[in-house]
Amino acid sequence: MEIKTLPIAELRKLLAAVSDHGKQHLIEVEADLLQTTFLLSEAIEKLSASFTAVHEAVCEQQQVLDALAAKYAIDKPVLEKLELFKSKIGDEVNVAVTSLQFQDLTSQLIARTIKRVNGLKDLLHEVESHSNEMDPNHEHEEIVKFLEEMSNSLQVGSHALSGGLRRSVGQKDMATGEIDLF
Amino acid sequence: MAKTILAVDDSGSLRQMVAFSLKAAGYDVVQAVDGQDGLNKAKEKTVDLVLTDQNMPIMDGLTLIKNLRELGSYQKVPILMLTTESSDEMKAKGKAAGANGWLVKPFDPKRLIEVVQKVIGS
Numbered sequence: 000m001e002i003k004t005l006p007i008a009e010l011r012k013l014l015a016a017v018s019d020h021g022k023q024h025l026i027e028v029e030a031d032l033l034q035t036t037f038l039l040s041e042a043i044e045k046l047s048a049s050f051t052a053v054h055e056a057v058c059e060q061q062q063v064l065d066a067l068a069a070k071y072a073i074d075k076p077v078l079e080k081l082e083l084f085k086s087k088i089g090d091e092v093n094v095a096v097t098s099l100q101f102q103d104l105t106s107q108l109i110a111r112t113i114k115r116v117n118g119l120k121d122l123l124h125e126v127e128s129h130s131n132e133m134d135p136n137h138e139h140e141e142i143v144k145f146l147e148e149m150s151n152s153l154q155v156g157s158h159a160l161s162g163g164l165r166r167s168v169g170q171k172d173m174a175t176g177e178i179d180l181f
Numbered sequence: 000m001a002k003t004i005l006a007v008d009d010s011g012s013l014r015q016m017v018a019f020s021l022k023a024a025g026y027d028v029v030q031a032v033d034g035q036d037g038l039n040k041a042k043e044k045t046v047d048l049v050l051t052d053q054n055m056p057i058m059d060g061l062t063l064i065k066n067l068r069e070l071g072s073y074q075k076v077p078i079l080m081l082t083t084e085s086s087d088e089m090k091a092k093g094k095a096a097g098a099n100g101w102l103v104k105p106f107d108p109k110r111l112i113e114v115v116q117k118v119i120g121s
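So the protein sequences, as listed, match chains A and B.
If you read the first sequence in numbering that gives the first Met the number 0, its first letter stands for residue 0, the second for the next number, and so on.
If you read the second sequence in numbering that gives the first Met the number 0, its first letter stands for residue 0, the second for the next number, and so on.
Hints should not be assumed to be uniformly reliable.
Derived lysine-lysine pairs resembling DSS-like cross-links, with alpha carbons at most 25 Å apart [said to hold, decoys possible]:
no.: 1; chain 1: A; residue 1: K85; chain 2: B; residue 2: K109
no.: 2; chain 1: B; residue 1: K22; chain 2: A; residue 2: K171
no.: 3; chain 1: B; residue 1: K75; chain 2: B; residue 2: K92
One-sided and incomplete, this derived list gives chain A residues near chain B with beta-carbon spacing under 10 Å [to be verified]:
no.: 4; residue: E82
no.: 5; residue: L83
no.: 6; residue: V168
Treat the hints as calculated values from the structure; they're not laboratory data.
Quick reminder that beta carbons are idealized off the backbone N, C-alpha and C, glycines included.
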């Protein structure tokens, strides 16, 4: 038996379901990402404040040690040990400052993902809108035209979405980046 | 008198780490939250070096550099980019806009200070 018409009502139902379920999941994804952003922001704020406070305290402690060393005769091995600690603390501070930049990188990645999620929601909304234009009374050719238009619109929308995003962050770890002087 | 560095970045935590590192090395730091804020602050007070991010809202780093280079007082002030961008294409754009160097994030404070000292002295 040759079928000349498409089951439009079922097709519309399917597209509406794809759109609704897709949008619902994307709303959840967006909410989770926003919560992650919030938690990371609060965490970095507290980490930075604690780090700065610890650094200030260590610097003051070092001044006290320097004053004591100037006032009293301290054995050379003890002084050498203190210098060693000072150097180690300096190295660890450097590592901490490099690592504490994680939030700048992760927030850029999350912002890019949220933008993509919102773009996908718009595309799914478009699918639903296009499917609503189809009617069981339409001729086969008209339905084909609607579906082609929908496909083209999705392609254009998807392309625009990718083009509108910031470049992705390329860093895969927290290793220090390269330096070029012109 | 301590030299002044303008640090432009939309990330508060990054600005804080830049300021922490530069202040520890004896520099004064003025902070700006985006390119437009950076341009306004650069007009208010001439600084010795500008350290700017690329991707920022309102005005990006390359636009900031072009605007600064159009100001008479900033034609020879060193400008360094500090960004996640690392492509040769972007570096070439930065150089064409008037940047004097390109640092890819994350930065190591010791190396940042070495570069700053090389460019503007201690």
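Against the structure, the hints:
1. Simply put, K85 (chain A) and K109 (chain B) have alpha-carbon atoms about 15 Å apart, close enough for the 25 Å limit, and the pair holds.
2. Taking the CA atoms of K22 (chain B) and K171 (chain A), the gap is near 29 Å; set against the 25 Å cutoff, the hint is violated.
3. Annotation: proposed proximity of K75 (chain B) to K92 (chain B) holds, straight-line Cα distance about 18 Å (limit 25 Å).
4. A distance limit of 10 Å between C-beta atoms decides the matter here; for E82 (chain A) the minimum to chain B is near 18 Å, and the interface restraint is violated.
5. At its closest, the beta carbon of L83 (chain A) sits 18 Å from a beta carbon of chain B; the interface hint therefore is violated under the 10 Å criterion.
6. The closest approach between the C-beta of V168 (chain A) and any C-beta of chain B is roughly 5 Å, which is under the 10 Å cut-off, so the hint is satisfied.
Going through the hint list in order, the structure does not satisfy hints 2, 4, 5.
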